[in-house]
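Peer 1: My request is simple: use the sequences and hints to build the entire structure.
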Amino acid sequence: MARSPLRDPAVAVPAALALLIVLVAAAAPLLAPYDPAAGRLQDRLLDPGAPGHLLGTDGQGRDLLSRLIWAGRASLTGGLIPVAAATAAGTLIGTTAGLGGRVLEQALLRTLDVLYAFPGVLLAIAVATLLRPGLGATVLALSVVLTPAVARVAFTEVRRIRTAEYLEAARVSGAGPLALVLRQVVPVVAPVVLVYASSLVGLAVAYAAGLAFLGLGVAPPTPEWGAMLDELRPALFTHPWPAVLPGLAVLAVSVVFTTLGEGLRQRIGDRGALLPEAVR
Amino acid sequence: MTGFLLRRLLLAVPTLLGVTVVVFATVALVPGDPVAAFLGPGAPPEARAELSARLGLDRPLPLRYLSWLRHALGGDLGTSIADQRPVGGLLLPAIGQTLVLTAAAFLLVLVGGVLLGAVGALRPPGPLGRLSGAATTLAVSAPQYSVALVLIAVVAVRLRWLPAGGTHDVFGDGGFADLARHLVLPAVAAALVPLGLTARVFRAALGSVLAGDLADGLRARGLSRAAVLRHCAHNASPALLAIGGLQLAYLLEGVVFVETLFARPGLGRLLYDALAARDLPLVQGGVLVVAAAFVGVNLLVDTAHAAVDPRTRS
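Chains A and B, in that order, give the protein sequences. Here the first sequence is numbered in this note's numbering, starting from 3 and rising by one per residue. Here the second sequence is numbered in this note's numbering, starting from 3 and rising by one per residue.
It is worth saying that the hints were derived from the structure and are not from the lab. Computed from a prediction, not measured in an experiment: that's the story for all the values here. Every residue gets a Cβ at the ideal spot worked out from N, C-alpha and C, and that includes glycine. Be aware that a few hints might be false.
What the hints assert, rightly or not - Among chain B residues calculated to face chain A with C-beta under 7 Å, some are:
hint : residue
1    : S143
2    : P145
3    : Y147
4    : V152
5    : A155
6    : A251
7    : V258
8    : A278
9    : V289
10   : V292
Claimed, not checked - Listed next, with one range per pair, are the computed distances between beta-carbon atoms:
hint : chain 1 : residue 1 : chain 2 : residue 2 : range
11   : A       : E167      : B       : V186      : 55 to 63 Å
12   : A       : P179      : B       : L101      : 49 to 57 Å
13   : A       : R164      : B       : A51       : 50 to 58 Å
Unchecked claim - One-sided excerpt, in silico: chain A residues whose CB lies under 10 Å from chain B:
hint : residue
14   : R112
15   : A119
16   : V123
17   : L124
18   : A128
19   : L205
20   : V207
21   : F215
22   : G228
23   : R235
24   : L238
25   : L250
26   : L253
27   : S256
Peer 2: Next comes the structure, spelled out in structure tokens:
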């Protein structure tokens with residue numbers, strides 16, 4: 003009898019931290035000490051620890067702690083929604099490729115190969131240049147980037163079980179194709195795909211902030227970690243501490259979600275060890 | 003082996019063609035009317051028709067793709083909008099800069115990844131093993147721009163140990179030492195993610211070889227610890243080739259951020275500037291060059307992998 007994953011410290015600790023991060027971003031209006039958009043020019047670029055501004059201020063005198071808290075909303079949305087979308091689309095594509103016959107399988111796999119031929123950020127850039135910069139562009143671009151990876155994991159799982167006897171048994175007992183997929187295939191594939199998807203979240207948050215840094219994501223003045231990095235870049239040489247804070251925020255969030263993904267991987271044993279490295 | 007090579011080459015062709023279709027589409031499908039952008043909204047229809055014909059925009063999309071592909075294959079990637087110079091001419095020097103940076107970073111990836119992975123595989127339960135595990139997780143999840151900024155803030159601005167950007171000193175001699183000093187921080191920033199990945203994969207591969215029959219046999223024959231480790235590391239090393247493509251992908255995408263933050267005039271920096279200026283032909287050319295190089299290197303890596311490990315040829 004397996005213990006609940008939440009009793010496993012390798013899962014529980016990062017899960018609690020991840021929940022905390024999401025809650026802090028959600029409760030931004032209650033927690034942030036200042037309006038993230040309002041700055042006092044005479045308080046420009048204060049270092050962390052300045053009176054009244056725990057983490058200092060940015061180039062327009064806006065409170066950095068408040069902006070970092072608010073920025074979590076856009077940055078986490080830009081990371082979590084694409085993972086959810088890619089999980090759904092990838093499972094659909096992988097299952098279709100696995101059960102749809104040889105022609106469909108080859109057509110889908112070769113198409114995925116083309117998307118795989120782009121390093122992640124470049125594919126995201128290619129997709130995002132088609133759209134007006136904003137959270138929508140980030141979400142769509144990252145969904146396209148992450149889908150092939152999920153689809154491949156789903157396909158591998160489906161291929162593993164597609165000749166299994168219990169599928170044949172369900173078939174001869176009269177299960178239609180839809181019932182077969184929903185009752186027999188999805189329950190087997192879903193845990194592995196979900197664990198894999200969890201290991202993509204840290205990466206996706208880092209990508210989302212990266213796109214904003216490149217000017218393809220959320221546009222100023224909306225606070226977003228990557229956009230803040232770009233805004234604070236000119237101050238890097240005179241005020242390095244405020245300038246690295248958004249980068250550290252992304253780093254911390256990414257580490258928490260990556261650790262959570264690793265913890266979950268260990269829970270599913272061999273099938274977790276065989277999963278591809280999280281990427282791209 | 004020849005059969006494998008042919009099969010692999012044949013598979014690379016449709017992939018490359020797919021890449022060109024995607025890249026072409028990113029420009030052909032961009033919303034907005036280029037003719038109106040050139041001539042302004044009040045232009046007479048004859049002028050619009052003439053420009054449209056001159057730019058080839060009156061032809062159907064598949065024909066435009068074929069003519070674009072023909073030019074691209076001949077090295078003609080169009081003209082940069084911001085610079086009014088051929089895209090190929092802008093990309094070429096940048097490619098050289100990026101090659102230097104990725105080569106330096108790749109050296110770090112191999113040395114650091116193998117060492118960190120070996121420590122993890124040899125000392126799994128102890129504090130040293132746990133430390134290497136934590137370092138690996140941190141490396142894998144550290145976004146390149148965060149690492150670059152922290153390095154600049156701490157090593158360059160605070161401690162003043164190494165320069166914060168550029169490729170050489172303004173008044174320096176531009177000699178090897180000068181260039182190398184400027185290369186250290188960017189290479190570390192670009193290397194960290196693939197280094198962590200390499201460590202993770204090598205740790206798993208070496209760990210399973212060390213726990214297997216080969217290691218038992220070698221120990222039974224009385225070989226020293228070091229000799230056992232040497233043989234086992236040799237057996238685990240094809241795992242490094244298997245993730246070669248992934249490492250390269252991380253290096254190349256890291257370059258976009260690292261070159262921008264460290265002000266190095268490479269492909270990544272060029273892409274960043276092109277994106278900021280919405281210079282689409284340059285973005286398109288840069289993405290195409292990187293993706294094509296990526297497909298090519300993957301082909302090489304797979305070939306090398308098949309050459310050293312016959313099991314992968316099937």
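Peer 1: Does each hint hold? Answer for all of them.
Peer 2: The hints, checked one at a time:
{"no.": "1", "hint": "S143", "verdict": "holds, 4 Å"}
{"no.": "2", "hint": "P145", "verdict": "holds, 4 Å"}
{"no.": "3", "hint": "Y147", "verdict": "holds, 6 Å"}
{"no.": "4", "hint": "V152", "verdict": "holds, 5 Å"}
{"no.": "5", "hint": "A155", "verdict": "holds, 3 Å"}
{"no.": "6", "hint": "A251", "verdict": "holds, 4 Å"}
{"no.": "7", "hint": "V258", "verdict": "holds, 6 Å"}
{"no.": "8", "hint": "A278", "verdict": "holds, 6 Å"}
{"no.": "9", "hint": "V289", "verdict": "holds, 5 Å"}
{"no.": "10", "hint": "V292", "verdict": "holds, 6 Å"}
{"no.": "11", "hint": "A/E167 - B/V186: 55 to 63 Å", "verdict": "holds, 59 Å"}
{"no.": "12", "hint": "A/P179 - B/L101: 49 to 57 Å", "verdict": "holds, 51 Å"}
{"no.": "13", "hint": "A/R164 - B/A51: 50 to 58 Å", "verdict": "holds, 56 Å"}
{"no.": "14", "hint": "R112", "verdict": "holds, 6 Å"}
{"no.": "15", "hint": "A119", "verdict": "holds, 5 Å"}
{"no.": "16", "hint": "V123", "verdict": "holds, 4 Å"}
{"no.": "17", "hint": "L124", "verdict": "holds, 5 Å"}
{"no.": "18", "hint": "A128", "verdict": "holds, 5 Å"}
{"no.": "19", "hint": "L205", "verdict": "holds, 8 Å"}
{"no.": "20", "hint": "V207", "verdict": "holds, 9 Å"}
{"no.": "21", "hint": "F215", "verdict": "holds, 6 Å"}
{"no.": "22", "hint": "G228", "verdict": "holds, 8 Å"}
{"no.": "23", "hint": "R235", "verdict": "holds, 7 Å"}
{"no.": "24", "hint": "L238", "verdict": "holds, 6 Å"}
{"no.": "25", "hint": "L250", "verdict": "holds, 7 Å"}
{"no.": "26", "hint": "L253", "verdict": "holds, 4 Å"}
{"no.": "27", "hint": "S256", "verdict": "holds, 4 Å"}
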